[in-house]
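**Student:** Here the protein sequences line up with chains A and Y, keeping their order.
The opening residue of the first sequence carries number 1 in full-length UniProt numbering; numbering runs sequentially from there.
The opening residue of the second sequence carries number 1 in full-length UniProt numbering; numbering runs sequentially from there.
No lab work stands behind these hints: they were computed from the structure.
Treat the hints with care, as some may be off.
Said to hold, decoys possible - In the DSSO-like style, the derived pairs of lysine-lysine whose C-alpha atoms are separated by at most 27 Å in a straight line are:
no.	chain 1	residue 1	chain 2	residue 2
1	Y	LYS306	A	LYS194
2	A	LYS389	A	LYS344
3	Y	LYS306	Y	LYS293
4	A	LYS333	A	LYS344
5	A	LYS194	Y	LYS194
6	A	LYS194	A	LYS382
7	Y	LYS194	Y	LYS333
8	A	LYS344	A	LYS138
9	A	LYS389	Y	LYS540
10	Y	LYS44	Y	LYS333
11	A	LYS138	Y	LYS194
12	Y	LYS345	Y	LYS333
13	Y	LYS138	Y	LYS345
14	Y	LYS293	Y	LYS44
15	A	LYS350	Y	LYS194
16	A	LYS389	A	LYS333
17	A	LYS194	Y	LYS345
18	A	LYS333	A	LYS350
19	Y	LYS194	A	LYS382
20	Y	LYS382	Y	LYS333
21	A	LYS44	A	LYS306
22	Y	LYS138	Y	LYS382
23	A	LYS194	Y	LYS333
24	Y	LYS293	Y	LYS47
2 protein chains.
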Amino acid sequence: MSVSDTDLANAIRALSMDAVEAANSGHPGMPMGMADVATVLFTKYLKFDPSDPFWADRDRFVLSAGHGSMLLYSLLHLTGYARPTIEDIRHFRQVGSPCAGHPENFELPGVECTTGPLGQGLAMAVGMAMAERHLNAKFGDELVDHRTWVIAGDGCLMEGINHEAIGLAGHLQLARLNVLWDDNRITIDGAVDKSSSEDIVARYAATGWHTVECDGHDMADVARAMEAAMASDRPSLIRCRTIIGKGAPNKQGTAATHGAALGAEEVAAARKELGWDYPPFDIPEAIRAEWLKAGQRGAAPHSEWKARLAGHADRAEFERRMAGDLPQDFSLKDYIAGLIADPKKVATRKASEMALEAVNAALPETIGGSADLTGSNNTLTKGLGTFDKSDYSGRYVYYGIREFGMGAAMNGMALHGGVIPYGGTFMVFSDYARPAIRLSALQRARVAYVMTHDSIGLGEDGPTHQPIEHMMSLRVIPNLDSYRPCDVVETAECWELAVQRKDGPSLLALSRQNLPQLREEAAENRSARGAYRLRAAEAKRRVILIATGSEVETAVTVRERLEARGIGADVVSMPCWSRFDAQPADYREDVLPNVAPEEILRVSIEAGTTMGWERYTMVNGLRFGLDRFGASGPAARLFEHFELTPDHIETRIVAALGE
Amino acid sequence: MSVSDTDLANAIRALSMDAVEAANSGHPGMPMGMADVATVLFTKYLKFDPSDPFWADRDRFVLSAGHGSMLLYSLLHLTGYARPTIEDIRHFRQVGSPCAGHPENFELPGVECTTGPLGQGLAMAVGMAMAERHLNAKFGDELVDHRTWVIAGDGCLMEGINHEAIGLAGHLQLARLNVLWDDNRITIDGAVDKSSSEDIVARYAATGWHTVECDGHDMADVARAMEAAMASDRPSLIRCRTIIGKGAPNKQGTAATHGAALGAEEVAAARKELGWDYPPFDIPEAIRAEWLKAGQRGAAPHSEWKARLAGHADRAEFERRMAGDLPQDFSLKDYIAGLIADPKKVATRKASEMALEAVNAALPETIGGSADLTGSNNTLTKGLGTFDKSDYSGRYVYYGIREFGMGAAMNGMALHGGVIPYGGTFMVFSDYARPAIRLSALQRARVAYVMTHDSIGLGEDGPTHQPIEHMMSLRVIPNLDSYRPCDVVETAECWELAVQRKDGPSLLALSRQNLPQLREEAAENRSARGAYRLRAAEAKRRVILIATGSEVETAVTVRERLEARGIGADVVSMPCWSRFDAQPADYREDVLPNVAPEEILRVSIEAGTTMGWERYTMVNGLRFGLDRFGASGPAARLFEHFELTPDHIETRIVAALGE
């Protein structure tokens, strides 16, 4: 049997429709429509080696239109990755199969990032391309010289984040980024022109991109377009005109192929149409062999690369960074010891900058930035240099007013590896970046979010800018460590934990206003416990004050007043709920003993929503916070207005104790 | 004194810099830079009548760059609105002044929407322009014939939502929408070209907009551009080249004027530069008189309009709709009675469609839509017609893959008045629209969010599509009523509440999977209580099962099994936390008596995060949920996998009871 490129593409089509049919769920339209384009990419241009999915210098391939996951699973299987096996594919979308409904990086090597939430794959690819250029600038062409390829659909291009992502990529002239647009003119609701009339190519051109078009079913034409893209000195949009569900003779070109099994009858008709005369999940040996050959293209360049690495002066550093290991001696102990010796009263956003001075000096892999709030987020430290098209070795990114794009780019950088990204905005605008924060957590990406102006303490900007519900709404995201440190020492501790963490994101909520240093010792990183006794009762303990961030100072003041009345009170600083909940039961019981409120009254103080605090105060405890939107006024005045002052809290506690 | 247009503009500049100086906080740069453009708009073209800020046919003016709030406050004051007074302006950014840091629609008539979160003002303006065209199509030019004007800055244009908003506006050919872009080439971090290289005019043109440019400090040129915009049959971008902080001789043209007081010295220099020889907050009579005259331009057209309305056949209906009143006889009682008589087992997303059939038939003011998930969200009912450029009378909007843009457009529609918008997407993508949902709540806008596929019950699409933390993270948004109904009856009740609510948004979390009808009576709207006893214990009550949505069915099953063991159990269905929390104490105590867990064990069941449920279960109760991301697999298999089945729950409860 002589094997044609179309046979190769049809293998993708067959696996995709068979898997969706078996699951009776999934999206056959996109894999069938883009099978030809993907075949050209994977057999001719993509640099990869299935025997080592983590080869540092591989091209990154991102399926931004993640619903078309069978395209990717087919490609990984056919080109010879260890997984997915054909059995994995047979169990597409079943519990336990790595072939999940949408591609998940933590399930399957070769899946570079988790996609499905539209627009984010492409935006993460921008971050991957940034990391590539940065590492190239640091380590040279010998070690880092690869491309980032993306398949994106109309949905990815219509989402708002697309504007942010391509604006950033165009501005930074990320020439190694090539986006294959599956231009099938179909969305779930029907024809694209039902909801959009834009000239996408012109929009990309206006944003600084190179553009080229091709017939997505003419493989020579696709190759020509890819070569033009690779030759350009700008990021490229390759418009591939395709037919969704191509091969399904009665349904192709319609939304009916998008998100449901084709049905036995149409699958049979498609087999006929494609001349694919084989049983479900069966790939003829000749076709399989040809695909495996394509998968072996990378073996030689990979071993040449290994040889270059073996002899490279920076080998150890490169390997350390790509492994995500910190330098062995990394610690902020000395810096923190200095604070204990010489206390500082600063805003925690300033404390964050101080900690970052130490972090950035010790860790050359950090890449900082801000969504146009550099001076407010305090994210820029000395000597980082600007990451821009004239110098990719810079370590500070001016992301522009693109919170979501920044979050997604940071995810892409973290997943690329070799860098540790952090970026800032106002805490209230964590909402803008929230879908990316969720993906950081789901993907287990080491990203640090710097969220300043974390309460009504920001003052006059008013309720549009005052986070109320944000801290709590971030705490409920699984696998995200959300910190709200109380002073300069805790801020340093939280930073230490954020960069040490390899398996997920961290978020720091930081004050605009100055806060006294409350920590007087730092023998260990106490924030690592999530919560700890900052001040112990002197009189008989009748109250435990639990507070975070700027309200820990308030709690300390309240405690002093209670003690003056003979009422013993602990102050528990609780910078991180998720870490506290992960502590052993005896530690938690020591900090928050499970006794009736008549014995020890638990009180929470946090300038945000009180919902959720019942977890630690118990229902019959007291919760001080803000269950409404804020207001515009000077910060001190607002704390009075919303009754979050020591006076008010003391009075309420004393009343509750029946004194 | 003869008054020039420049004098008028300088009055804005003076008030703006004086107010910011007095507050020692605020943003003088934008008002000073756009004073000339705003003067042309408010003295020549904007249709408004300060004596009646709620005149239905006024032009809507949206300050999308909300940080420049002093521009708007100055204009409202100078043109003769009752508020802000000069005293209000003197108290800019102080608690109690309606002149908040950012403009808030609920503080000050004349402020059409709350802005500050960048990009959303322009996106809300798109909704206002949609509402205008829709009402025009319904009521004709005699009653509805106005424009929507926007001032937007670089931040508004760089945000992702800008892409969604202008894509929608361009597609819908909203010719009555004119955007004045304050092209000052400055962002907070410095020059725009530090983070952006795009050709904005070309991008707008690519998206179907008319574009025109002018010198923002040449008032004749500004007028020419505005007239060109008004003459176009497409939405217009008017690029106004300006100097930020114009008039402050040493700081203008730099980021230094953006977000801080200029300082006494620079203010003095600006007074000199502008030839403004008057004390702070003092407006010379001649200038004040000229501004008031501009404010009176609308009086004649307004009274002509009133005369047309007085004689109009549709007057009552028009006034009802603009007042936001429902028809007096509106109720879903009959529809619900039909369900009680003939129970239905359907997914609550389907139940939502059924309720909407009744709602949309009874309320001609509803405008539905979906972000490209019409068939999944079940948002389209019979006979609505499509809202598009060929027919603005249609009541269904194909929003495209633009969740955030949809949310913001709905806010704009609701604030415009005369329509009640609802729109759908997958619950997990509420994150994409979250900043708009927050603004719905803050602005007290009657918007209904239809969020389907509300848990792991959606099955195979996997963790990227499975909401886990979303219900809880929505509950913490102040003034948002978040509902998770359990069956077809509750879904109808929640819809009734959503459309009846005038002072804020509602959100419905709806299942993909079928759910049995559990309600057997509907004498009153029980969902209005937020939570109620759906099943009462028969044996001695030892357990209260509290559940929402699809897990109420589980709770009912568990209850039956417990009763079979002689363990009495209530089932409390809790579709809406915020409503339950607002009930009188005795009602809450009746549903959830405050007794020790040894007496009555409280148990929550919700296929989402358990954090927060301590509020109702108490710390020592049991919480069944999911504190990790989901997985890809058939729904029933996932409930087993995550131990959310009656078997598992029964076993745990029995163990907890020590039976």
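**Student:** Each hint: holds or not?
**Tutor:** Going through the hints against the structure:
The straight-line distance between the Cα atoms of LYS306/Y and LYS194/A is roughly 38 Å, outside the 27 Å bound, and the hint therefore fails. Between LYS389/A and LYS344/A, the direct Cα distance comes to roughly 38 Å. Violation of the 27 Å bound is thereby established for this hinted pair. This hinted pair checks out: LYS306/Y and LYS293/Y have alpha carbons roughly 21 Å apart, not beyond 27 Å. Using a Cα cut-off of 27 Å, the hinted pair LYS333/A and LYS344/A holds, with the two alpha carbons roughly 16 Å apart.
Straight-line distance between C-alpha atoms of LYS194/A and LYS194/Y comes to about 37 Å, which puts the hinted pair past the 27 Å bound. Of the pairs offered as hints, the one joining LYS194/A and LYS382/A is violated, with about 51 Å between alpha carbons and a cut-off of 27 Å exceeded. With a CA separation close to 60 Å, the supplied pair LYS194/Y and LYS333/Y exceeds the 27 Å bound. Between LYS344/A and LYS138/A the alpha-carbon distance is near 36 Å, which puts this suggested pair outside the 27 Å criterion.
At roughly 73 Å between alpha-carbon atoms, LYS389/A and LYS540/Y are farther apart than 27 Å, so this suggested pair is violated. A C-alpha spacing of about 51 Å is found between LYS44/Y and LYS333/Y, which places the hinted pair above 27 Å, so the restraint is violated. A C-alpha spacing of about 22 Å is found between LYS138/A and LYS194/Y, which places the hinted pair at or below 27 Å, so the restraint holds. A distance of roughly 19 Å separates the Cα atoms of LYS345/Y and LYS333/Y; the hinted pair therefore holds under the 27 Å criterion.
With a CA separation close to 37 Å, the supplied pair LYS138/Y and LYS345/Y exceeds the 27 Å bound. For the proposed pair LYS293/Y and LYS44/Y, the alpha carbon gap of about 11 Å is at most 27 Å, so the pair holds. As the CA atoms of LYS350/A and LYS194/Y are separated by approximately 24 Å, the hinted pair is consistent with the 27 Å bound. Between LYS389/A and LYS333/A, the direct Cα distance comes to roughly 36 Å. Violation of the 27 Å bound is thereby established for this hinted pair.
Restraint check for LYS194/A and LYS345/Y: not satisfied, since their Cα atoms lie roughly 33 Å apart, outside the 27 Å limit. The suggested pairing of LYS333/A with LYS350/A holds, with an alpha-carbon distance near 18 Å, which does not exceed 27 Å. At most 27 Å may separate the alpha-carbon atoms for a hinted pair to count; LYS194/Y and LYS382/A meet this at roughly 18 Å. Taking the CA atoms of LYS382/Y and LYS333/Y, the gap is about 21 Å. The hint holds against a cut of 27 Å.
Distance hint between LYS44/A and LYS306/A is fulfilled; the C-alpha atoms sit about 22 Å from each other, no more than 27 Å. Using a Cα cut-off of 27 Å, the hinted pair LYS138/Y and LYS382/Y holds, with the two alpha carbons roughly 19 Å apart. With a C-alpha separation of about 36 Å, the suggested pairing of LYS194/A with LYS333/Y is violated against the 27 Å cut-off. Distance restraint check for LYS293/Y and LYS47/Y: the Cα-Cα separation of roughly 13 Å lies within the 27 Å cut-off, and the hinted pair is therefore satisfied.
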